[in-house]
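Engineer: Given chain A, work out where chain B should sit, using these hints.
Number of protein chains: 2
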Amino acid sequence: MNITIIGAGNGGLAFGATLIKQGMSVNLFDKFPTILVPIIENNNSVTLDQDGRKETLQFSSVTDNLEEAIRASKYIFVVTPAFAHKEIAAELAKCIKKDQVIILNPGRTGGALAVKKILEEKGKSGVVVAETETLLYACRKTNATDVCIYGVKDKVGVASLPANAINKIINDLSIYFPSLFPYPNVLFTSLNNIGAIFHPTPFLLNIGKIESKESFKYYHEGISPFIASFLEKLDEERLSIAKIFGVQLPAAKEWVEKSYGLTGNSLYDAIQSNLNYKDIFAPLDINSRYVLEDIPMSLVPLAELARVGSIETPYMNTIIDLASALYKRDFRKEGRSLEEMGLVESIESIQRLANNHFSII
Amino acid sequence: MNITIIGAGNGGLAFGATLIKQGMSVNLFDKFPTILVPIIENNNSVTLDQDGRKETLQFSSVTDNLEEAIRASKYIFVVTPAFAHKEIAAELAKCIKKDQVIILNPGRTGGALAVKKILEEKGKSGVVVAETETLLYACRKTNATDVCIYGVKDKVGVASLPANAINKIINDLSIYFPSLFPYPNVLFTSLNNIGAIFHPTPFLLNIGKIESKESFKYYHEGISPFIASFLEKLDEERLSIAKIFGVQLPAAKEWVEKSYGLTGNSLYDAIQSNLNYKDIFAPLDINSRYVLEDIPMSLVPLAELARVGSIETPYMNTIIDLASALYKRDFRKEGRSLEEMGLVESIESIQRLANNHFSII
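Sequence lines, in order, name chains A and B. Quick note: the first sequence uses the numbering used here, first residue 259, plus one each step. Quick note: the second sequence uses the numbering used here, first residue 259, plus one each step.
Just chain A, same shape as in the assembly (with noise of 0.2 Å):
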C-alpha cells in the first residue's frame, strides 16, 4: 500500500518514517522545494531518531509536484497547520480519485468538514475525509533531514466523513499506528480539540516573555493559577458546546490528570503534578501556530458551533478579540465559519451531516 504525506515539517517526517520504517511505500509532498532539496540531495532520505535509536530512511518520492506525489496512494495524510487545509483541498480537487482518502492530522477543529465541502464543491464527493483530534506524535525536526520522535501518544481518536467509512481505515492503518481509535464522527474529533485550550490563551498571557525571547516552560511555568482558571472556564464552554450536539468529552483537567493518573483540585494543580510537561518550553517567535492556527482554526470554528446552540462563549471571544487586536488581522473572517464547514445553524442538521455524511465508503 502506497501513502502519499502532504507536508513536510516536524509531524510529516515523524509520520513518513514510521511508515517506511514498516515497509510501507511514502511519498513525500510539500509546497515548498526549498524544504525538500535537502531531503533529495539526501538519497530521499530522511533519519528517524526514536528511543535512543537513528535509522536512516528513504521516501519513494520527494517532490512538490501534487498530482504525482499522490497518483498510486490510497491514503494521503495531511500534516501540515489547520490553515493551509483549505488550499490543499483545492489542489488536492484537482487531481484526487474518489478511492482514495485524506486524513487530516490533525483536523483542529471543523478540518474534515471545510476539506470535504470543497472537494464537494469540485465533483469530488465520493472522497472519504477523516481527521485525528491530535497529533499522534510529540516530535521535532531537528535539521532539514533529521527527525525526532519523542513520545507517540497513547490514544488518539479518529473520525471520517462519511462517518462509517471510519472502521475501514482503521482496519487499514491499525498495524502502523495502533494508537487510533474510531470516534463516531467528526464532531467527536473536532470538539476534542484540546489545543483550543492549552495553546492560544497562555502564550497570549504571556506574549510579553515570549516577545522578549525569555525562555520558560509553557505549562510549568507559563500557566499560572489565574491563567488556569482562566482555562477552566474556557474549557466549560467548550464541553457545553459538545453537550448540545451530544458529544460527551473528559475535561481539559481529567485529559491532562489520564495520562498519570493523578488527581487535583484543579487544573493548575493537574498541570504542575503532570511530569510530561516538565520540558515542554514556549515557543520563542510571536508568529506561532498557538496563535495563527490555534485561533482561527479552533477557537474561531468552535464559537461558530457554540452560536448554533445558543451557547454564550465570552471567554472564548475575548481571546478570538486579543489575538485579533494584537496580531492586527480579522481571525473571524479568516477562520472557519460554519459555511466554510458546510454547516447550517441547525443542531440536528450537522449531527444528521456528522453521522451520515452522504455517501457510504
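Since the hints were made in silico from the structure, they are not lab data. Incorrect hints may appear among the rest.
Heads up, the list lumps identical chains together, so a pair's fine if it works in one copy or across two of them.
Calculated cross-link-like contacts (lysine-lysine; reagent style DSS-like; alpha-carbon spacing at most 25 Å) [claimed, not checked]:
no. : residue 1 : residue 2
1   : Lys536    : Lys471
2   : Lys413    : Lys332
3   : Lys289    : Lys380
4   : Lys344    : Lys356
Structural biologist: Relative to the frame of chain A, chain B by itself:
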C-alpha cells in the same frame, strides 16, 4: 489655610508632608484605623524622604472620623484609588459644606463628574469638585510612617466642576504646588488619562510572569514591540474620543517623548529611550490597581464616552473583556457608566455640562 488629606497611602502622605513642610495645617483621614495607628503613635508625624534629606512632619490631626477631619478645611484632597471615590463622595455628602472644595488626585476618567453627581443628589450642589489628570508625585511609603518622594511631575493639569472655579483653585494652591496648571474643563483631565493606556494592557499581557512573582522592568521589559503597537491603537481610540469632544491632547508617544525631548519612530522606541522608566518595576500582585482601578475607572468610562460619539473601541473593549474574564468580575457593571458620571448620550450636552456645570464659585 487648613487642608484635609483623605487616604493615608503613598500619595496621601506625600501630599500631606509637602503641605506641612510649607507651613500648612493638615488633617489626615483614612477609613482604616490600622493604617492610622502607627502615625498616631508616632506623635501624628511622618518622615518625608526627598532629595536626599529626611524631615519629620506633624499632622494637625489624624483620624478616621471624616466629619472631624474636614471640619476646618477649605480644600479636601482625595488621594485614594478611584474605585473608592463613590463611597467617599457619599460620606462627604453627609458633612461637607458648600464653600469646601474637593480635589481628586487623580480623578482617572470621570471622577469629578461622578463625585459631583452624588453630591448633587444629596443636596450638596454648591460644592466644587476638581480632579488632576495624574498623580503629582512618584512616591512610595517605605513603612507605615515614612514616605519617599522620588520625583515631582513638572506639569499636572487640573480642572473643576464648575469649570470656571479652576482659577481660584490655582490661585490658592499654586504656591504649594507650582506644577499645577488649569485645564478648560474636566473632559481634558478625564481624557488625558495616560494610565488607561499604560497600566492595564501590559499588566494583563504579562500576567503569567506577574503571578509567578518574577521581577521585571514594567516599561522597558514588559512593553514588548507587539504590546507597544497594541498600546498605540488603544491610544488612537482615546484620541478619537477626545476629538469628538473638541479636546486636543498629546498622543501617548508624544507624552513619553516630552520628558527628555526625545523622538522615536514608535511608542516602543520612545519608551525604550526614556530613562525615567528605567527603574520602574512591575507590580508583583495580581490584585493591582493597574487592573482593579484602571479597568473600571479608566477604560470603562472611556468606552462609555466613545459610545456617545459612536466611536468604535475594539481595543478598549478587548482589554475590558479580558480583565473581566480573568478576574471573574463584571468590570463594565462595576465601572463608571455614563449615568454614574451624570451624562446623557449627547456630545453637546456633555460639553455644556463640562463647561458650565450649574453654579459658579
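Engineer: Any of the earlier hints contradicted here, and which numbers?
Structural biologist: none
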